[in-house]
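Enquirer: Please put together the full structure from these sequences, using the hints given.
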Amino acid sequence: MNDRRTIRELDVQVMWNRLLSVVEEQGQTLVRTAFSTSAREAGDISAGVFDLGGRMLAQAVTGTPGHINTMAASVGHFLQVFPVASMKEGDVYITNDPWKGTGHLYDLVVVSPTFMDGRIVALFACTSHLVDMGGVGQTPEGRQIWHEGLFIPLLRLVRGGEMNEDLLAMIRANVREPVQVIGDVYALIACNEIGSRRLVSMMREFRLDDLDMLGEEIISRSRRAMSEAIGKLPKGTWTNSMRIDGYEAPLDLVASITIAEDTIHVDYTGTSGMSTYAINCPLCYTEAYTTFGINCVVAPSVPNNAGTLDAVKVTAPPGTIVSATYPAAVYARSSIGHMMPDVVYGALEQAIPGRVPAEGTSNLWSLKMVAGHGLTGVGAGSGTPFMVMSFHSGGAGARPKQDGLSATPFPSGVRNVPVEATEAITPLVIWRKELRQDSGGAGRYRGGLGQVMEVSSREDAAFGLFAGFERVKFPARGRNGGGPGQRGAVSLKSGVGLQPKGLQVVPSGERLVIEMPGGGGMGPAAERDPAAVRRDVRLGYLSAEAAKREYGVD
185 MNDRRTIREL
195 DVQVMWNRLL
205 SVVEEQGQTL
215 VRTAFSTSAR
225 EAGDISAGVF
235 DLGGRMLAQA
245 VTGTPGHINT
255 MAASVGHFLQ
265 VFPVASMKEG
275 DVYITNDPWK
285 GTGHLYDLVV
295 VSPTFMDGRI
305 VALFACTSHL
315 VDMGGVGQTP
325 EGRQIWHEGL
335 FIPLLRLVRG
345 GEMNEDLLAM
355 IRANVREPVQ
365 VIGDVYALIA
375 CNEIGSRRLV
385 SMMREFRLDD
395 LDMLGEEIIS
405 RSRRAMSEAI
415 GKLPKGTWTN
425 SMRIDGYEAP
435 LDLVASITIA
445 EDTIHVDYTG
455 TSGMSTYAIN
465 CPLCYTEAYT
475 TFGINCVVAP
485 SVPNNAGTLD
495 AVKVTAPPGT
505 IVSATYPAAV
515 YARSSIGHMM
525 PDVVYGALEQ
535 AIPGRVPAEG
545 TSNLWSLKMV
555 AGHGLTGVGA
565 GSGTPFMVMS
575 FHSGGAGARP
585 KQDGLSATPF
595 PSGVRNVPVE
605 ATEAITPLVI
615 WRKELRQDSG
625 GAGRYRGGLG
635 QVMEVSSRED
645 AAFGLFAGFE
655 RVKFPARGRN
665 GGGPGQRGAV
675 SLKSGVGLQP
685 KGLQVVPSGE
695 RLVIEMPGGG
705 GMGPAAERDP
715 AAVRRDVRLG
725 YLSAEAAKRE
735 YGVD
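For the sequence shown, the working numbering gives the first residue as 185, with consecutive numbering after it.
Calculated from the structure, these hints are not laboratory results.
Each hint should be verified, as a subset may be incorrect.
Restraint-style ranges between C-beta atoms, simulated for each label pair [stated by the list, open to error]: (1) Arg381 with Lys657: 46 to 56 Å; (2) Lys657 with Lys416: 35 to 45 Å; (3) Ser692 with Asp713: 27 to 37 Å; (4) Glu273 with Ser692: 49 to 59 Å.
Cross-link-like lysine-lysine pairs, in silico, DSS-like; alpha carbons within 25 Å at most [said to hold, decoys possible]: (5) Lys657 with Lys677; (6) Lys585 with Lys416; (7) Lys732 with Lys585; (8) Lys657 with Lys617; (9) Lys617 with Lys677; (10) Lys497 with Lys416; (11) Lys419 with Lys497.
Backbone N, C-alpha and C fix where the C-beta goes; we use that ideal spot for every residue, glycine too.
Expert: Dropping the structure here:
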């Protein structure tokens, strides 16, 4: 099998599908053994296998683009510190360096070498979002990276099978939820271990001594497929801009896309500068979502690996909000990063009309809730201390030929966390979780609906919300004559308005009300099928008043 002349098409297909099953089992191991709801319930993870040059060969389907595509670049940083020749069987490496990992401190990246018969044959990597990493918490209020929690440089987590107990003790001492966090660390280790076992079993079955031949075939085929897809596109440069809420002031995101013979270059020159607060986005995260957005439209059927990623080049001036420099605070980098596909699509629409959706909520409306001394009260008066991460989302933009998806987290891809999971581990009660009527932008195809949630505590104590919401001032825009989605809002049940970013305290006895934005519409509202309008009214998606106002349908 090691002679390239002996590889057959059938061999490639069988081994490729087997490799996909290996990484999917790797990813599912992390989901099933994780302690935090973000991994266990929402699948906010990534998992993949790499060759000895640090090139990603395959990724698990389970996972988010922000984790998967940053992980693809992160392994190269590990190899610079821990060369393959220095790796020993039983070693495991770890970091949460925002510029060499996934963009903020709350994600851990873990890399493990795979050995077969005493020789290193591959690398496995995985990532997961943690419920806490200390510092000021899951809020964009930090001003420097040191405010945001424990910074773990590229280190050995396990040396020859022996855990680095000093590092684990350091982590335990710096987080609010040590059981959940340390549990997730062990889940990450187990994730790579299962991947390694399954890969070795596969290699023995197919009598492979290494992955060189198979890996090169996978990457070269993917790169050729990307080149062919790009080659069919018109050539030139197109530019789009989008204004979003920001923190202390609105921000402009500007993208210029240049389509060449076999590459696409996206440049963010003209984008606003960095913020004082933690909405800054390192370039690695900008690259991750930019590449994902383009590949969804240009070559959605081509597997995502080093060959695919090589076809898209992303640049941005250092010091802009999309290329934040050390030591900027970056916790809420997703507020910016999740907007990248929308910005790119505005330019792609000019080049290839009719193939991209309208703008959506994009930014996750996750409920990051907390209680504890100094945050929501003093001493026993602060209630049962907790930190919980619960993913939820507004509406996606209308598609070229279909309505937008409601309460769907595009481009993140995380699953909404069941309310029962949040209620089971905290004193919180979710009284209401329903689609938000009239929130989708009007159009030939309607934008996806946002949702409304209402939350309180079972205890006679306050609780806090680490807010980090977008689309409160500037809604998702429609496309080709479609209307904008409805803006989001955060308030108390009593009617008191809350800020969309930063720690918001919900007093004892009050309820938090979250109204999530809707996606933009596609095409003129006058062209919508009246039967579809009446169906929306019947299902409660649209009020009778809005049907008359927006569509002229009684």
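Enquirer: For a quick check of understanding: which of the numbered hints are violated here, in increasing order?
Expert: As far as the earlier hints go, only 3 is violated by this structure.
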